[in-house]
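There are 2 protein chains.
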Amino acid sequence: MKAAGRELNLTRGKPATEQVALSDALLTAVTGRADCLAEDGTDCTNYYGSPQGLIETRRLFAPIMGAPPEQILIGNNSSLALMHDAVVFALLTGARDGGEPWSRSRTPIAFLCPAPGYDRHFSICEQYGIRMIPVRLTGHGPNMDDVERLVADPQIKGMWCVPKYSNPTGETYAPETVERLARMPAAADDFRVFWDNAYAVHTLTETLDDLVNFMDACARAGHPDRALIFASTSKITYAQAGLGLFAASPTNMAWYLKRLASRTIGPDKLNQLRHARMFGDAAAIDRHMQRQRRLIAPKFQAVQDVFRARLGSTGAARWTEPRGGYFISLDVMEGCAKRVAMLAKDCGVAVVPAGRTFPYGRDPNDTNLRIAPTFPPIEEVRQAAQAMATCTLLAVTEKLLRDRGVND
Amino acid sequence: MKAAGRELNLTRGKPATEQVALSDALLTAVTGRADCLAEDGTDCTNYYGSPQGLIETRRLFAPIMGAPPEQILIGNNSSLALMHDAVVFALLTGARDGGEPWSRSRTPIAFLCPAPGYDRHFSICEQYGIRMIPVRLTGHGPNMDDVERLVADPQIKGMWCVPKYSNPTGETYAPETVERLARMPAAADDFRVFWDNAYAVHTLTETLDDLVNFMDACARAGHPDRALIFASTSKITYAQAGLGLFAASPTNMAWYLKRLASRTIGPDKLNQLRHARMFGDAAAIDRHMQRQRRLIAPKFQAVQDVFRARLGSTGAARWTEPRGGYFISLDVMEGCAKRVAMLAKDCGVAVVPAGRTFPYGRDPNDTNLRIAPTFPPIEEVRQAAQAMATCTLLAVTEKLLRDRGVND
Chain A
1 MKAAGRELNL
11 TRGKPATEQV
21 ALSDALLTAV
31 TGRADCLAED
41 GTDCTNYYGS
51 PQGLIETRRL
61 FAPIMGAPPE
71 QILIGNNSSL
81 ALMHDAVVFA
91 LLTGARDGGE
101 PWSRSRTPIA
111 FLCPAPGYDR
121 HFSICEQYGI
131 RMIPVRLTGH
141 GPNMDDVERL
151 VADPQIKGMW
161 CVPKYSNPTG
171 ETYAPETVER
181 LARMPAAADD
191 FRVFWDNAYA
201 VHTLTETLDD
211 LVNFMDACAR
221 AGHPDRALIF
231 ASTSKITYAQ
241 AGLGLFAASP
251 TNMAWYLKRL
261 ASRTIGPDKL
271 NQLRHARMFG
281 DAAAIDRHMQ
291 RQRRLIAPKF
301 QAVQDVFRAR
311 LGSTGAARWT
321 EPRGGYFISL
331 DVMEGCAKRV
341 AMLAKDCGVA
351 VVPAGRTFPY
361 GRDPNDTNLR
371 IAPTFPPIEE
381 VRQAAQAMAT
391 CTLLAVTEKL
401 LRDRGVND
Chain B
1 MKAAGRELNL
11 TRGKPATEQV
21 ALSDALLTAV
31 TGRADCLAED
41 GTDCTNYYGS
51 PQGLIETRRL
61 FAPIMGAPPE
71 QILIGNNSSL
81 ALMHDAVVFA
91 LLTGARDGGE
101 PWSRSRTPIA
111 FLCPAPGYDR
121 HFSICEQYGI
131 RMIPVRLTGH
141 GPNMDDVERL
151 VADPQIKGMW
161 CVPKYSNPTG
171 ETYAPETVER
181 LARMPAAADD
191 FRVFWDNAYA
201 VHTLTETLDD
211 LVNFMDACAR
221 AGHPDRALIF
231 ASTSKITYAQ
241 AGLGLFAASP
251 TNMAWYLKRL
261 ASRTIGPDKL
271 NQLRHARMFG
281 DAAAIDRHMQ
291 RQRRLIAPKF
301 QAVQDVFRAR
311 LGSTGAARWT
321 EPRGGYFISL
331 DVMEGCAKRV
341 AMLAKDCGVA
351 VVPAGRTFPY
361 GRDPNDTNLR
371 IAPTFPPIEE
381 VRQAAQAMAT
391 CTLLAVTEKL
401 LRDRGVND
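So the sequences go chain by chain: A and B. Residue 1 is where the first sequence starts when you use the numbering used here, and the numbers rise one by one after that. Residue 1 is where the second sequence starts when you use the numbering used here, and the numbers rise one by one after that.
Hints are computed from structural coordinates only; laboratory data are not their basis. Among these hints, one or two may not hold up.
[Said to hold, decoys possible] Distance condition first, Cα-Cα at most 27 Å in a straight line; then the derived BS3-like pairs of lysine-lysine:
| no. | chain 1 | residue 1 | chain 2 | residue 2 |
| --- | --- | --- | --- | --- |
| 1 | B | Lys399 | B | Lys2 |
| 2 | B | Lys2 | A | Lys258 |
| 3 | B | Lys258 | A | Lys338 |
| 4 | B | Lys399 | A | Lys258 |
Since this is a predicted model, take the numbers as computed values, not measurements.
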C-alpha cells in the first residue's frame, strides 16, 4: 500500500464537486439590476433592510429552523461564526440583558460537550478558556442522567449539541432526550444550549429522522431562552459560499441583534436573494437533498461494505451506519486509534488526527476515528476504506501481541 | 417647508442606485462551473483555500491596503466586522500572543477617539465598556500634542483613525501627523491604532490626496505591530455585498488568523472572485472611482452652492469642502446643532441625530451635524441643503435672541 503512493483524504466533511454543482443555478439566479430587488423592494446591492436578512429567505428556511421568520437571522457564509459570536457576546456582555458577563465569573465557566463531537465547537471553548466537560453519547443523544446531574452546577453555562445525524456518530437525539434537555432545571439561569442542527435535512435515506422541535420544547417547559438554534447551507448549496442560519426566542433574538449592531450593518443580502430565487420553497430543498443523497449514499455504502467484509466479527472495531449527516464514526479497539491514524498516514490516507473529536483533543480511550467519505470519488473511498481496515487490523494485532508480552 | 411634506434623507453614507449600478458586471462575472476556479485552482463553491482569501483578490487590493498580499486578509461584506473582531480578540485573548486580555485589566482600558468621527467605531467601544477619550481634529488629523500626552497612560490601548477624507470632516492626515502617530512612544506595549482607511480611493477631484503608508511608517519607527489597517469595497462596488479588507504586520496577521480559525473556516471566496474578475487590476479601480466621482461630486457641489449662498458670511455656521469621502461636516453656532436637527426633522429632512459623531453621542459644544449627500437625487439634495440652511438660520436666530434675553 505504501508503495502505491496514494493520496487519499477522508479528513473533513467536504462535499464532492458533483454535489456543489447541483447548486450552480445560484450563479445565474441574479444577473441583472432588476433581479436585485427583494420582495420588500430592498436593493440587495445597497445598504440596509433588516439585519436579520431578507424575509423571503427567512421564510424559505423557517421549516428547517423550526421557527417563524421573525425569529430567524440569516448571516453570511458560516454558522460557526454565528455560534462564535453568541459565545463572545455572552462572555463580554452577559447571555441576557443585565446578566453578568461570562468572562467576569470568578470561577471559570464550563460547557457540556457530548463526545465524540465537532472539533470546531471545542476550539471556541478552548480559545476563550471555557472549561469543557465531556458527556457520553448513547446512540440517541447524550447520557441525560449525567447531563441533569452536571447542570446542577451554576458554572455550567452552555452545552454543544448536534442533535440530528450528529457529527461524527450520526445519531439523532430521541424525543425523550430532547424533552429532558428542555425540561431539566439548570442552576445557571442563563444556561444556553447551542443547538447546531447542521444536518437537519442531510439524509442518506428516502426519509428524514424526526427531531423534536427544541425551541418549542424549551418554551413549553418554561425555559424559552435556553435554545440557540443554528444551521447552514454549507452542505446544502455551496460550502463556504452559502448561508449561516440562526433562530432564537424573541428575547434572545433582540439580545443578539442589539450586540450585532456594533459589529455590522447587516449581512450580504445578495446571496440570500440568490438562495430564495433558486429554491422558491422548502419542498425544493427536500428534492435537492435527495439529489445530494443519490450522489453520496453509495460512498457511505462502499465504506460499510469494506468494513463489514474486513472488520466484521473480528472484534477489532465497531462503526456507525448513519442514516444521514456526513460521517462514519469508527471505534477501533481501545488504545489503537492514534496508531491506526499514523499507519493510515504512512500509506497515504489522511484522516483527522485521532482524538480531535474530543474536548482538548483527548480521546480518553484512544478509540475514535472520524471518516468523511463525501469528497473523494467512490473508487478512492473504497481504497481508503480498505487501507483503514488494514491499518486497524495491523494496529489491533500489534496491541494484542503487546498485551501478551510479545515484542516484535 | 413643513407644508410641502417632503421626505429627504441625508443620514447615512449610502451610495445612490446609479453608483452601485456601476458594478453590475459583478452579477455576471462568475456564471458557470468553469468560472468558479480561482487562479490557484481553488473551487470557490467549496471549502478551503486560505482563510485570508483569494490571492488574486488580495493582489488586486494590495495598492489600496499599502501591504503585500501575504499581509492582507479579505473577509466577508463588512470591514466594521473585522475591526469589531480584532477588538474582541484583544479583549478576550490579548492584543498579542501571551499578552494580557484587555478585558482583564484592573482599571478599564481606553481608546483615543478623534472627534467628530464615525459613530459605529464608538459603538464598539461603548458596547464593551472601553472608555473613550475624544481628541480634537485639526483639519490635518488629530491634535498630536494631545495624542502624545495621552498615550503616556498605559490604560490607553487603542485609537480610532479614519486617516483619509475622514468621516465626517473630510480631512486627510498630514505626513507629519502620520509619522508622529507611528513614532510616538506609547506606555501600553500593546497599543494599537485601528486605521480605518475607508475612503482610500474615494476622491471628489481628479486626483487623490496623498497619505503616508502608516504600516511602513510604524515599521520604520520600530513599532511594526502598532497598525491594524482596514478598508472595504462597500462604497466602491456593492454596499453590504462587497468585501471587507484587513492588512497587518506578519505578527499581527498570524495573531488574527489564529483566533479567526475558531470562528470560521474562511470567507465567501466566490464574491472575492467576482471582484477580481470584474476589475482585473488596481488601475481599473481608479477608473471606476472616477466614474463614481462624476456621479456624486455634483451633489457635494450643490450643497456647497446652497450653503455659500445662504450661510456664507452670516457667522451662523462653518462647513467642510471635502476633496473626497462621503460627508460634509456642518458646524453650526455652539449650542444649536440639536435644535437644527429637530427643526430639519419637522420639515421632513432626516439627518443623523446631533451628537452622534462624538463618543457617547455627546457633542461638547452641540455644534456638529453630518451631511451625507450621495443617495438622494441632486434636486432633493439641493432642497435638503436649503432646508438645512433655513433651519440653521432659524436655530441661530433663536439662540441669539435668547442670549440677549429676548423671549418670544
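Results of checking the hints against the structure:
no.	hint	in the structure
1	B:Lys399 to B:Lys2	holds (21 Å)
2	B:Lys2 to A:Lys258	violated (34 Å)
3	B:Lys258 to A:Lys338	holds (25 Å)
4	B:Lys399 to A:Lys258	violated (37 Å)
Hints 2 and 4, counting from the list given before, are not met by this structure.
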